[in-house]
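Protein chains in written order, with the numbering used here: chain D, 6 to 792; chain L, 263 to 526; chain V, 4 to 87; chain C, 4 to 87.
It is worth saying that the hints were derived from the structure and are not from the lab.
In silico lysine-lysine, BS3-like type, Cα no more than 30 angstroms apart, as pairs:
| no. | chain 1 | residue 1 | chain 2 | residue 2 |
| --- | --- | --- | --- | --- |
| 1 | L | 360 | D | 359 |
| 2 | D | 259 | V | 14 |
| 3 | D | 74 | D | 556 |
| 4 | L | 405 | D | 166 |
| 5 | D | 83 | D | 71 |
| 6 | D | 71 | D | 89 |
| 7 | D | 768 | L | 405 |
Beta-carbon label-pair distances, calculated as ranges:
| no. | chain 1 | residue 1 | chain 2 | residue 2 | range |
| --- | --- | --- | --- | --- | --- |
| 8 | L | 448 | V | 64 | 44 to 50 angstroms |
| 9 | V | 15 | D | 656 | 54 to 60 angstroms |
| 10 | L | 367 | V | 31 | 23 to 29 angstroms |
| 11 | V | 67 | L | 450 | 44 to 50 angstroms |
| 12 | C | 59 | D | 295 | 42 to 48 angstroms |
| 13 | D | 108 | L | 324 | 30 to 36 angstroms |
| 14 | D | 573 | V | 67 | 24 to 30 angstroms |
| 15 | V | 15 | L | 324 | 38 to 44 angstroms |
| 16 | L | 453 | V | 27 | 36 to 42 angstroms |
| 17 | D | 747 | L | 367 | 58 to 64 angstroms |
| 18 | D | 683 | V | 4 | 47 to 53 angstroms |
| 19 | L | 353 | D | 295 | 35 to 41 angstroms |
| 20 | V | 80 | L | 453 | 45 to 51 angstroms |
| 21 | L | 353 | D | 32 | 52 to 58 angstroms |
Even for Gly, the Cβ is constructed at its ideal location relative to N, Cα and C.
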Amino acid sequence: MTQSSTSFNIDTVENASTTPETELPWAELGLKEDEYHRIVQILGRRPTAAELAMYSVMWSEHCSYKSSKVHLRQFGEKVTEEMKKDLMVGIGENAGVTNLGDGWAVTFKIESHNHPSYVEPYQGAATGIGGIVRDIISMGARPVAVMDPLRFGDIDHPDTKRVLPGVVSGIGGYGNSLGLPNIGGEVVFDSVYQQNPLVNALAVGVLKHEDLRLANASGVGNKVVLFGARTGGDGIGGASVLASESFDDTKPSKRPAVQVGDPFAEKVLIECCLELFHSELVEGIQDLGAAGISCATSELASNGEGGMHVELTKVLLRDPTLTPGEILMSESQERMMAVVTPGNAEAFEAVMGKWGVEYSWLGEVTDTGRLIIEWDGETIVDVDPRTVAHDGPVYERPYHRPDWQDDLQADTFRISDAAADLPATAEELGEAVVELMSSPNMTDVSWITDQYDRFVGGNTALSQPDDAGVIRVDEETGLGVGLATDCNGRYAYLDPYTGAQLALAEAYRNVATSGAVPMAVSDCLNFGSPEDPEIMWQFAEAVRGLADGCKTLGIPVTGGNVSLYNQTAGRAIHPTPVVGVMGKFDDVARRTPSGFQRWADGQAIYLLGTTADELDGSEFARLRGHLGGLPPKVDLAAEKTLGEILINASRDGMIDSAHDLSEGGLAAALAEMSLRFGVGSRTALDELCERDGVDPFTALFSESQGRALVALPRSEELRFTDMTSARRFPALRLGVVDAVSGGLEVSGPFEGGSFGIGLDELKEVWSSVIPSRFGGLVEAEIATRQQ
Amino acid sequence: MTTTPTDTPLIGEFTAVTPSGPLEGARIGVITFPGTLDDRDAARAVRLGGGTPVPLWHADQSLHGVDAVILPGGFSYGDYLRAGAIARFAPVMDTVVKEAGAAAASSSPLPVLGICNGFQVLTEAQLLPGSMIKNDHLKFICKDQVLRVENTETAWTSQFTQDELITVPMKNQDGQYVVSAEELEAIEAEGRVVFRYVGENPNGSRNHIAGVTNERGNVVGLMPHPEHAVEAGYGPDDATGLREGTDGLTIFTSVVSSLAGGSK
Amino acid sequence: MPTIVVEVMPKPEILDPQGKAIANALPHLGFTGFAGVRQGKRFELTVEGQVTDELLDSARRAAAEMLSNPVIEDVVSVTVAEDI
Amino acid sequence: MPTIVVEVMPKPEILDPQGKAIANALPHLGFTGFAGVRQGKRFELTVEGQVTDELLDSARRAAAEMLSNPVIEDVVSVTVAEDI
Ligand SMILES: Nc1ncnc2c1ncn2[C@@H]1O[C@H](COP(=O)(O)OP(=O)(O)O)[C@@H](O)[C@H]1O
Ligand SMILES: [Mg+2]
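Modelling step: build the complete structure from the supplied sequences, incorporating the hints.
This is the structure in structure tokens:
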């Protein structure tokens, strides 16, 4: 493409030195005055327009973590040597890498694309998948699966009708086209997410140890290449604030308001990168996400020998009117930057040719310690790359516990009006179970997940609705991984420290329930504005809780993402620290499914763990319109023991299904295990109520942690209970699987003695919640959004 | 430039079932277009079926002497324009059309199976009648699908019994099979419907058609994915449990044995 | 039946992956000389009876509010074609 | 840049699920009076320099052979628009 460099008023370094008085639009670019002065101080002169562009995007909250950094350090500090033993790459790189053994490693990470998905649901969600997958590729890994933790406003709010279908088809449209099975996620509805939906995306990849690549530019004289899609005005905003850079008469052309993803380009990029890794053609590699070329050049340079020289006119453009500053800031998708030895350049070009990927050689690695960017031979950037990539501002934002927190915690469910008329008789309890299962947060999400490919790749051993997504890594040995993401924002709102640990505990428990040994954590911290000291307190508490929790469980945080400013008109979302846990299977054939098996008639059902009166923040309380009190207690030692039991039971083939207890408590877990394959059960609450001193209502709906249900053949009962008693872990035989009755029958010390719910009837209400909202009209919406 | 892909799968090797005896001689090509997704899965299925998968590259005209060809699923060229529309112009397709199409000189023309996107490519290339449009509900849908095998004469279905019911995963957005009234009549009259959806029509396809064959019976298109139902633990659910279904494997053992049996 | 034709194109500054893929494929098929391709949509709304001003106005609003996504697309034209 | 516009519509006898869904939704959004909707495609092929007869011919062939599938679609028109 022909590009003219003459239509810009090129602000060179020389020019900057001689025109110190020139005003630059630093405020419009989001920099604070003192930040701008620091840049001037670092450079010893005013920045050029291009330098200002780089610093402004790299020092943004999103790229610099300036509000969160001081807290996130704990993830590194609260790590023991023992926790690090399988960690090949920790926090700081594009994604953490964990050793799986047998020469295999796994990398995974969660990221948010919240605001873009609110503006344009389809493309926002699609490019969210695209971005996280590129992080995974840049570690040298083959991406093998994605997950999508989602949160929307009230299910009946009109805006949810606009946002949800678009987000879901965007995630499907992009992920399906990449050939990545979707193995799980979350769907939560709560009015606090209206106007601030949370679209988080997790990607997981696998690699052989020798394929590991890092983002650094080493080897003086090595060449720097940009490849993939062309650079357009994406992410710069509707109008260019750097318009002052342009002095020709034609108005600067419009810049896109949103980014459109090209999943085909990304799929080709994946295969192309894997071939590069396999043929050992790249020394270092970096994906281009937020802050595009600014980020890639400054990070590669500062992680390597420290110097790089780039000629910016070499960048292939989609929009020839882009100014140098805009090129540096552009967030166009589906691009990568790599460092290649001169000797490999030809082979590199051959791989590009084979896959039909465009590329351009931009410059080379130097030993000057400077990042020099030229425009047609004139120097427009001359900086120490560390000052751009790593020395951004760090804020110790003030924080304090909200004054209302005490009142909130004092307002428990039991003393509230919501507890006035609790179900107590057989009939009332039965109705309450049905009501619970038709809550939007408990309902069948297959209307959503059926839009995602779960088979592609042929290695998916578990996916929704099981507790964890499970992927086989090695086809010969069955070595594999299980992953789950979780967070209950209501718990975190009641107590952010505990809430974060509960998110961790649940994800850990889900992974262990499937039979995998938990190994590593990635998190996506979604919060309101850090400039509000109360929100900042929520953030600080959540991070502290998560870091402490990881230390207790002995699994390190390997990476993650922070999303702040999720608030509108002063109304913030619940603190939502989404936690993803990855665990390992020696052989995924051992994975434990969550549903009662069709052939399991008569198997014994055991409840593991203890039930206390813990309804604050529960799904049942939500149904009654109440939120207050303290979240369930967290006992990570108990979670660990429970995990060991579930993992051993899976490894030794003792149990045939298992499901953890979380939202909705025992009632939900029993119903879900039955709904999976339409296999019923007969259970009795008497012993449980007596042992734990709870009433039948509490037994069914309390959300006490550290619990799971398992079903096992009678021949295994003795071995199993020996194992639980050896660990002094409470295990109670609750009843049996009933594959004949087609119903859920529960008896206990309540009026009427027992209630039964037909599975057909239950399934009907449980599975119609989402389709009844998002049918018809929505299809037309989808129609016009499709190609 | 030689363009046969050299990459070995990074996710382990294909499950090791060493082909033996006469079967191992069945070499089945699996074409990769840019954007193809299920090529590894198809190759694995061939191997599990006892044959030898041979990777074929879209830009290479040569079929490297394979005995049969599979066009796997995916989103070739992003399914942009129309599903399969750009892929059908690939150089390898010229050879496929030559060796498998109506004008193929051989008395036993090349067996070709197009799965999902591969089926769409075959209709775009007019090796098979009709075309595929968006599902009537417009959404991408991934589910376990029951099919009836109605034609057991093709190389790909010879080991099924007539009207056998099988369950294989289905996953697509443009899976609604349409064809002109006259052609539909001909297809039905000549018994060229190979697979039919059982139960509720999942996408609005004419006459519930899930798979068809050409007049000579060597080219078969199938919308659902048999290659995702070849290994217990990773397939569709069946009566024995979660993901245990392997009904799709018979497609691959069929072709391997009909090649070995000298029907080619 | 009289028909109102609505034409919608991706905004010029927005990436059009479909157009790009087509543009890349054309030369391979021997169609050279095209600098770029963009793909949009064409809707035909049929009308029973006559196309009144009111109906045309309604079509214009439908084009802006439903048939196009204003964030990434422009309505190129809304015209009446008597005899399609 | 001069542009060649190619318009493609689904054949009348072929079901058009997208058009149908839109037609069903229109009245719910208050757009009444439309008997049916069909959704097709519009391509803009830009040309550097002039649109020669040769190029227009090439566009016509591309429209027939690639931009449309004759089994399900008709090429409605191939026209030159000088100033898009
Ligand atoms: N957006 C989604 N995408 C894919 N899978 C999902 C999504 N939301 C929920 N799931 C899956 O549905 C199942 C139930 O979800 P959830 O109730 O949140 O599980 P749990 O309580 O065990 O964490 C899980 O398998 C989960 O992975
Ligand atoms: Mg769970």
